[in-house]
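Participant: As they're listed, the protein sequences go chains B and H.
Note that my numbering has the first sequence beginning at 8, numbered continuously upward.
Note that my numbering has the second sequence beginning at 1384, numbered continuously upward.
What the hints contain is simulated information worked out from the structure, not anything from laboratory work.
For glycine and all other residues, C-beta sits at the position ideal for the given N, C-alpha and C.
Hints may contain errors.
What the hints assert, rightly or not - Computed footprint of chain B on chain H; a stretch qualifies when at least three of its residues, placed anywhere within it, have a C-beta under 8 Å from a C-beta of chain B:
#1 1447-1453
#2 1499-1510
Stated by the list, open to error - What follows is a list of derived Cβ distance ranges for each label pair:
#3 H:R1550 x B:D43: 28 to 36 Å
#4 H:I1484 x B:A49: 31 to 39 Å
#5 B:M12 x H:S1449: 26 to 34 Å
#6 H:K1453 x B:L41: 17 to 25 Å
#7 H:T1486 x B:R44: 44 to 52 Å
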Amino acid sequence: MSEWMRKVLESKRQMRKKIAALPFSEKIKILEKLRDRSLAIASNPLRRRLSHRG
Amino acid sequence: MKATLEVINRMRTDGVIGKYAIGGAVGATFYLEPSATLDIDVFVSLQTMPGSVLITVAPIYTHLTSHGYKTEGEYIVIEGWPVQFLSPGDALTEEALEQAIETEVEGIRTWVMTAEHLVAIALKTGRPKDYARILQFIESGILDTNRLDSILSRHGLLEKWEQFGHRFFGDDK
């Protein structure tokens, strides 16, 4: 693994740690945003067309 | 989710349900970074129906639908969140419910399963997304290994834990 990739992974790990340390209420707000985005993506007509093609 | 929890707490106050605990992805969010989920798993202690030995979540659904909430398959949508009410089906989930941690979401009191119980339940359930969550818990370094070992041992999951270790960590674990 390259040094650059190692740094990227470490930075991601740190970010996850930082978010995990947030108060539960804050994390629930993030969860709600993630859910809204998932629902928006799932209801996108383009996605539905693609899934029909298998 | 605040409004959803208020409704669930009201059911508790009104005696529709006993103690409850949030499990699944929302429960894991108490300890880890949030990961996308579309529903809330709520484990509830229930009384048997009069004259029956069966424990059922039916009274919860009856109560909520009478208050205007709609069902969607096995879920009931409470203030925008699909909620699945689950009765503890085994000693492990009963214990997880009993030992749940009290916390708050935007000032609303609620209960969440311990990290070690969430891991044990995920191990027992054994779907790919459960294994992914276990790996997240291990990476986070928040697990109390003595407590986890004790839970796994008590509920006959040590062998499965060993298999999990071999599968994901080889001999490194």
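Participant: Hint by hint, note whether the structure agrees.
Facilitator: Against the structure, the hints:
Proximity of the region 1447-1453 of chain H to chain B, defined as three or more residues with a beta carbon under 8 Å from a beta carbon of that chain, is not established by the 0 residues found. With 0 residues bearing a CB less than 8 Å from a CB of chain B, the region 1499-1510 of chain H misses the requirement of three and the coverage assertion fails. For R1550 (chain H) paired with D43 (chain B), a C-beta distance near 35 Å keeps the hint of 28 to 36 Å intact. With their beta carbons about 32 Å apart, I1484 (chain H) and A49 (chain B) fall inside the hinted range of 31 to 39 Å.
Checking the proposed 26 to 34 Å range against M12 (chain B) and S1449 (chain H) shows it is violated: the Cβ atoms sit about 57 Å from each other. Restraint check, K1453 (chain H) to L41 (chain B): a C-beta distance of roughly 23 Å satisfies the suggested window 17 to 25 Å. Between T1486 (chain H) and R44 (chain B) the beta carbon distance is about 25 Å. The supplied range of 44 to 52 Å is therefore violated.
Violation of the numbered hints given earlier is confined to hints 1, 2, 5 and 7; the remaining hints are satisfied by the structure.
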